[in-house]
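Engineer: Given chain A, work out where chains R and Y should sit, using these hints.
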Amino acid sequence: MRTWLRIFVVGGAISFRALFSWIRPSVYVPTLLLGPTTQVLFFAYLGRTAHLESDDWFVVGNAVQSASLAALFGMGFAIDGERWSHTLSAVLATPANRAALFLGRAVPVLLNAAVTSATGFLGGVLLLGFRPPWSAVPALALLVLIASFACTGLGMLTGAVGLRTRDVPIIANLTMAVLLIFCGVNVPLDKLPGWMHSTAEALPLTHAIDAARRVADGASLGSVGTQVGVEIALGTAYLVAGFALLRWFELEGRRHGTLDRA
Amino acid sequence: MAGGPVIEARDLKRVYKTTTGVIRRKPLEVEAVRGVSFAIERGELFGLLGPNGAGKTTTIKMLITLLLPTSGEARVLGLDVVSDAREVRKRIGYVFGGDRGLYERLSAYDNLRYFAELYGVSGKAQRLRIDEVLELVGLKGREQERVEGYSRGMRQRLHIARGILHDPEVVFLDEPTIGVDPVGARDLRQTISDLVSGGKTVLLTTHYMFEADALCDRIAVIAKGRIVGEGTPAELKERVGGGRVTEIEVFGVDAPTVGRLRGLEGVTAVTVEEQEQRQLLIVQSTGERELTAPLLAQLDGIEVGRVASREPTLEDAYISLVTAE
Amino acid sequence: MTEAPKSGGIGFAGAGAGIRSAARVFWTGFVLNFKILSVSPFMVMTAALWPLVYATLAFLMFRATHHAPSLLYAALGAAVMGIWSTTATSAGGAIQQQRWWGVLELLVAAPSRLILVLAPVTVAIAGIGVYSIASTLLWGRLLFGVPIHISHPALFAIAIPAAVLAIGMLGLVLASSLVLYRSASAFSQALEYPIWLITGMLIPLSLLPRWIDPVAWALAPTWGMRAVRRAAIGGDVGTPLLVCAALTVAYAGLSMLLLHHFERLARERATLSLT
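Protein chains in written order, with numbering that gives the first Met the number 0: chain A, 0 to 261; chain R, 0 to 324; chain Y, 0 to 274.
Rather than coming from a laboratory, the hints here were simulated on the basis of the structure. Owing to the predicted nature of the structure, the values given are computational and were not obtained by experimental measurement. Where a beta carbon is used, it is the ideal one built from N, C-alpha and C, also for glycine. Among these hints, one or two may not hold up.
Under the rule of at most 35 Å between Cα atoms (straight-line distance), these lysine-lysine pairs were calculated in the DSBU-like manner [claimed, not checked]:
# : chain 1 : residue 1 : chain 2 : residue 2
1 : Y       : 34        : R       : 123
2 : R       : 223       : R       : 16
3 : R       : 236       : R       : 223
4 : Y       : 34        : R       : 139
5 : R       : 12        : R       : 223
6 : R       : 139       : R       : 123
Just some of the chain Y residues that point at chain R, by a computed CB distance under 10 Å [what the hints assert, rightly or not]:
#  : residue
7  : 23
8  : 27
9  : 104
10 : 106
11 : 110
12 : 267
Coverage of chain R stretches by chain Y, computed from C-beta distances (three or more under 8 Å per stretch; other residues unrestricted) [what the hints assert, rightly or not]:
#  : segment
13 : 63-71
14 : 88-100
15 : 103-117
For reference, chain A alone in the conformation it holds in the complex (with noise of 0.2 Å):
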């Protein structure tokens, strides 16, 4: 049990170092607290001009979609970490300790994603007024976790497939397209193909996005224990998904000789 303690806190440490390499403090203001409120606006002000839906409608969904830019990076960058960290290979030779060094990865990269987030919520109140009855801030709260959770599971299979690919920003820029377009962000999930619709019911943040809108709205968060629900389960899923792609790739990588690649 201290092993798996001991691993989860180192996971936690490769992934923090990874993240501060990629995200210096004079880096991360601009990126990750600066954009998400200049997204919220911008995307705010396009409604207004299509005269779509409300400020407030634009203020949720945008700042639920800001934590997947966090998630998606930040785990690409401490699965990437993979490759500076052969040593450990020889260490972990349980899947039990494997896990734990991947979950204690994920849990920055949480975390930060659920910071970037509130800032999206923060820009909406500073600028655009938007002022959710004081019941409901705890709700958001916690669904700005679940969203962040379900990133961070997506995060580690795509972070799996560029580690293949060797190419993480082009993964992780795909896949936030794909959620901008798809999951409820701007345009209302009924005004989309049906295709889209679809598929934006297998993706995070579009559950977690309906549910904090209504809860915005005032509903209690027991009214949208469904979509949290599923916002969980899927960020599971994922998270399971991307960790087997992991194993499996490694285990590929000890039968062809590439494990130690560059």
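Structural biologist: Chains R and Y in isolation, oriented as in the chain A frame:
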């Protein structure tokens, strides 16, 4: 052309301001160049020789207008490097060693075309000139390949080609053969030599003594920001005492014995070089006399191997100059 | 003292640098940098993917209601947004990129004026955005049936390069002011959405608070966008085109000052070759 030095440095100084410490940053002043003066005549191949960190690169960058001197003056072709920077840039070429400094994803030819344009070589003259320099540095036939596929030696040659595109009168080379294989380096040195026989004036910095010895008409030895010796290679060797160097292989010599050797008449220095199971004694002495007999007499009782007596090389002069502080 | 020769070697012969020579240096630099960027997968991705994403979003959003501007309006806006996208991402750190390649000190050591050497870098970055214009309009036509009807094709053909130049020079102003800051790239990237907003590329200026107007008018891309849109949809193209050109020239002047300052500082502090 009127007389007078082509490159002139007068008491050049350069101070860098940095900070030390992580938590509380203290300002620190580093004197990289502490009053360097020299004059280079037309058609000379002048070498600035010194160990890493001596101030060679800093000095050369002041001369090519990339660095402002903290104090002192420098002129190239009579033009002040600070106030007439643009005019100086038109007339000089700058070549440095290393892998960077080229557009990797483009061909050598594209790189040269671009720099030709930057230096005002354009139109028909450009194409002719590019062909000329490619021929000169031995890259003809490979100019359409991407630079990212070039070896270090080829890059160096491309650097030189780039540096002379506009046919400058003065060429500055900063460690041009660093990291190049011996054969490639030899070819490069020949190219550099050819530049001078073609009428150019060349200032070369290097930390390879044999390179300075082989190539340069005159050398200035720089250490810790100061010139510690200047002259032709022969003159510098002269400075070591003009005497002889005796190398004696011994197996197990002790400090008292070395001390006695030092005390012998005519001996100026004894250096002990540890080499696995034996030591190499390098004895510098004044005068033409061979000291082999008296030296061996002192080593009575100690096993002695090879004994050789030779003239001092530039390396001996260099080491003695550079470690004199 | 040696008598200084009139010119060096075979470079800058004769009357020396003039407008033609300056134009040549700029054009050569533009072609070189454009070539380098075109073979960079990252650039292609930024120029190809994200403009299509924003175009798609605009199309879907505008199509969802009956009170939105036309889809052609959206297509044009998204296309020019794409030009700013590539610029915002890459221009801020463009000078630092040259330093990283080890080429910056060579560019400064060359006798050509620094602005003629660095302006092509940012303008080439903006120029890559032309790929996004083509792809956005095509995308709109093929997937959303957007009627690509250009009212004044000749003026359109002038307005596009004018917009590219305007955005490229804004990129140079950014690059020149941020060159000594480590996070130049990130900062300029953070300006992606704000510039889209303020220059009225997709969101009409009339929807923004009035105090934004002077800021918008001082930005050359605002006028470039207006020229492009009117050339396609109709209206007075001449005025925005002229104002755009004037502001672009002003940006060039500002950049010259900033670059002169930077060069002076870099020569004093010896930062030209450091990564």
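Engineer: State for each hint whether it applies.
Structural biologist: Going through the hints against the structure:
1. For the proposed pair residue 34 (chain Y) and residue 123 (chain R), the alpha carbon gap of about 23 Å is at most 35 Å, so the pair holds.
2. Between residue 223 (chain R) and residue 16 (chain R) the alpha-carbon distance is near 17 Å, which keeps this suggested pair within the 35 Å criterion.
3. Simply put, residue 236 (chain R) and residue 223 (chain R) have alpha-carbon atoms about 21 Å apart, close enough for the 35 Å limit, and the pair holds.
4. Taking the CA atoms of residue 34 (chain Y) and residue 139 (chain R), the gap is about 23 Å. The hint holds against a cut of 35 Å.
5. For the suggested pair residue 12 (chain R) and residue 223 (chain R), the alpha carbons sit about 12 Å apart, so the restraint of at most 35 Å is met.
6. Proposed proximity of residue 139 (chain R) and residue 123 (chain R) is supported: the alpha carbons are some 18 Å apart, at most 35 Å.
7. Below 10 Å, beta-carbon pairs count as interface contacts, and residue 23 (chain Y) has one with chain R at about 6 Å; its hint therefore holds.
8. Residue-level restraint check for residue 27 (chain Y) holds (minimum Cβ-Cβ distance to chain R is 4 Å; threshold 10 Å).
9. Below 10 Å, beta-carbon pairs count as interface contacts, and residue 104 (chain Y) has one with chain R at about 6 Å; its hint therefore holds.
10. The beta carbon of residue 106 (chain Y) is positioned within 10 Å of a beta carbon in chain R (closest approach about 7 Å), and the interface hint is therefore held.
11. Annotation: residue 110 (chain Y) was flagged as interfacial toward chain R, and the flag holds, the nearest CB pair being 4 Å apart, inside 10 Å.
12. Given the 10 Å rule on beta carbons, the hint for residue 267 (chain Y) holds: about 5 Å separates it from the nearest Cβ of chain R.
13. Residues of the segment 63-71 of chain R lying with their CB closer than 8 Å to a CB of chain Y number 5, which satisfies the three-residue condition for coverage.
14. With a cut-off of 8 Å between beta carbons, the segment 88-100 of chain R has 9 residues touching chain Y; three or more are needed, and the interface restraint holds.
15. Counting residues of the segment 103-117 of chain R whose beta-carbon sits less than 8 Å from any beta-carbon of chain Y gives 9, enough to reach three: the coverage restraint holds.
Checked against the numbered hints given earlier, this structure breaks none of them.
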